[in-house]
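Given next are the chains, with one letter for each unit.
Protein chains: 2
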Amino acid sequence: MIFSNIELDKSKPIYIQIKQYISDMISRGLVPNNSKLPSTRELSRILNISRNSVVLAYEELKSDGLIYSVNGKGTFVNSKKSISSTPWHIDWDGTENNYSKIANKLDIVKNEIPWSSDVISFKSISPDGELFDIDELKKSFLNRISIEGHKLLNYGYAKGYKPLIDYLLNYMNKKGVDTCNKDILITNGFTEGFDLILSSFINPGDYIICENPTHNTAIKIMRAKGINIIGVDINENGLDFNMLKKKLDLYKNKIKFSYITPSYHNPTGIVMDPDDRYKFYNLMKENNIAVIEDGFNEELLYSSSHIFPICSLDNLNNGVLYIGSFSKILFPGIRIGWILADKNVINKLESVKRCKNIHSSFLDQGILYDYLSNGGFDKYVKKIRKFYGDKFNFAHECVKKYIPNKYILGDGGLHIFIKLKNIDSRELLRKCYKKGVIFMPGDIFFVDESGYDTLRLGFSRLSTESIENGINIIGSVIKQMEDI
Amino acid sequence: MIFSNIELDKSKPIYIQIKQYISDMISRGLVPNNSKLPSTRELSRILNISRNSVVLAYEELKSDGLIYSVNGKGTFVNSKKSISSTPWHIDWDGTENNYSKIANKLDIVKNEIPWSSDVISFKSISPDGELFDIDELKKSFLNRISIEGHKLLNYGYAKGYKPLIDYLLNYMNKKGVDTCNKDILITNGFTEGFDLILSSFINPGDYIICENPTHNTAIKIMRAKGINIIGVDINENGLDFNMLKKKLDLYKNKIKFSYITPSYHNPTGIVMDPDDRYKFYNLMKENNIAVIEDGFNEELLYSSSHIFPICSLDNLNNGVLYIGSFSKILFPGIRIGWILADKNVINKLESVKRCKNIHSSFLDQGILYDYLSNGGFDKYVKKIRKFYGDKFNFAHECVKKYIPNKYILGDGGLHIFIKLKNIDSRELLRKCYKKGVIFMPGDIFFVDESGYDTLRLGFSRLSTESIENGINIIGSVIKQMEDI
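Just so you know, the protein sequences line up as chains Y and W, in that order. 1 is the number of the first residue of the first sequence in the UniProt record's numbering; add one for each residue after it. 1 is the number of the first residue of the second sequence in the UniProt record's numbering; add one for each residue after it.
Some hints could be false.
[Stated by the list, open to error] Listed next, the stretches of chain W that the computed footprint assigns to chain Y, with coverage defined by at least 3 CB atoms under 8 Å from CB atoms of chain Y:
1. 315-327
2. 334-345
3. 422-436
No lab work stands behind these hints: they were computed from the structure. The model shown is predicted, which means the values in this text are computed figures rather than measured ones. Even for Gly, the Cβ is constructed at its ideal location relative to N, Cα and C.
Extracted from the complex, chain Y is given alone in its bound form:
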């Protein structure tokens, strides 16, 4: 605030000093032309002087032509040191590069029907915020900040907050991962983890093989980076290994990475069984294709058996880059995830991370570490497993009861995937929207033109009543469409 330290001499008239100060500033070019002055009320408050003095000063400056007022808008500077008044308009649409164009075009927040409070929305798979254990988090904040507040609030390290890294190495170890040649980099959630890996190891035109359908954000990132995406179908029998083998032959020695979500796959909700995890890993190893494993919602494994991540098969090899994230179910707002990979890979990613945003918030990392190591997460996971498990079962029953379908996928998680019988889910969405129900059309998860007859229902933030009403409405609209 440029007027906050005018020094006033009490022996001279205040309004004259104010006038003099402002006129000096203008003539020295210190306030730009057409910039707005504080209101008389504001300036009198700032300087702790009577408003009349300011009004008087402004009046004189106006009659000198140094400032002018616009009704209802305020008072502005009329400086001679003006910049040329010819307008300058850069054509940003024409300047934007391809990456930005694709990132904008595939941004579902901008392109899909927005949420509003009067619709039943099955679009979101965000966790229910009411389940967050705010009191535990408060304790963690107060504890951590009193132990090392000055440290957490100052610059940290690109790799992350050491105690959190050690905690996560141990956490991955308990999942059966041999971490002795592995290291961890803390990221801003899965999205940054995936972006960092591709930013460091991919060139435009490279090939990545992945499940089809798969996580739409991953598709967006790959497309924006000019990657050739090879999809392998996933259906009621899980991943189509025959198709996988065919594509591996077809693109022999061309594919650099595979991207896979073995647990509660988004959008299908399928959990890959142990035999398939071995099979998949061995195929990637034989073909020398590095695996990017998305640990998406692995912590939610409530309805299936205990299952090891694919990276636990990698032992002393260096072929699997695992991306973990608590941010999907714990506190998405603080955006903490991690990459577990070979030490050499993490070393490279560390510099790339530093080149992009220095490091992730150390305050958030400190709070999260405290929360995790005090057992807060274990308590929370027990609570939500039951909560979301019950919701999944209820939603699943409703879908079976109300929605005519070719098949329903999902072993649990926060969503259910439905393949309809030849019904266009975009048309269905338009009709359901009119009746106050929205969901995620399945086509956004597909890497080719298929999936027009699929949809994903996220139920994590809906009451059982809304789940049943909403699914009932979707079902009745489908039946109307079938009748036509």
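We have chain Y already, so just place chain W on it with the hints.
Leaving out everything else, chain W in the frame of chain Y:
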């Protein structure tokens, strides 16, 4: 933890149930070969059973050949469902792309002499953590979390936390910026802001004009993105406008952006005077070159007059993209910065941000908003202006007294820039390191091969005693070098 929910039947021997459970898991392929089992102590604790039962179960499993122990390391699975034991080694050095190579090569954290507690280090320009007002921050956290904790901890918006955006629009307005066609995107500090802009509007081979020397992180980002950097000298007279005009002619219609730090320029500490700000803006406008203005430490303007940012000259035009950051002086650990630019530009950057990391921590944004709007920042800035101002003056006196130089640059801030008389600052650094003093050699800030005889001294975290001792040592080493 895969063993945490074995269900035990109290009517049967516990050790037999444990043995059966583990052997089932192994034969079903649910625990990978060579993965580590919990210790007997750990498992007995988890299941709340006697350790003897676990010891017995493990003994039997060993004699069955299903598990094996390694002295001092633990007990491991010996599964038949094993993955092939041939090693798999991906050549990550060969896979790394050019971007990662440059980000790694220019990573000063990896390449410069590291800080250690027994040296006087003039390398850092981090703020002094002891000045942070932790109690105010605690209040802000507790206040904000009680008002809307559930919201701040769940998914937010790529653009940022609305109250913080509104606060910053108003804040920029008070600096004289007409914000009516402008908008704000919250970023993870300056670094992400700069990366986002270049990621969206630059293609490899494009030209950017900037001060020489300039911020080394900006140089690194530009180089990693394959940008042609055109440097314009900055010296004891400030920016060399003659050189600027010559380069603008030479590269007519080729240059897409200029990058400029008008206040406490890093590394020189120079504050550009108002006339030069007009001149610079008008030149960019005439040549249709968009300006990226780095608001670096603008809040520290303690020793010079009130000065407007260049973006305040842009009014209804769309040519200036301003990157602001409190993270340099306030709480670097939480990494909150912002871009103020034309609404259309922010709209594009919003989708690119979403494509890279969804959004910046909403918890941090909420805390910062609360802290700022409760006046915490104003109090803090008053305190640190005096503190760092005194330190700057003291350090400046010491440099004049002890260090033979061609010229000293700096109008204030957290650092001083020195041009030596033909002394190689890398050689100086090696000699000073032996005497327990380190600093930042100036060459890393130059976009060409010059600057070998310059250095930057950061003093923000040093006591006056260390400042004087350190500068005295540097001076005496220089004198020895001159004598040779």
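### Task
Compare the structure with the hints numbered earlier in the document and write down the numbers of the violated ones, lowest to highest.
Structure breaks hint 3 only.
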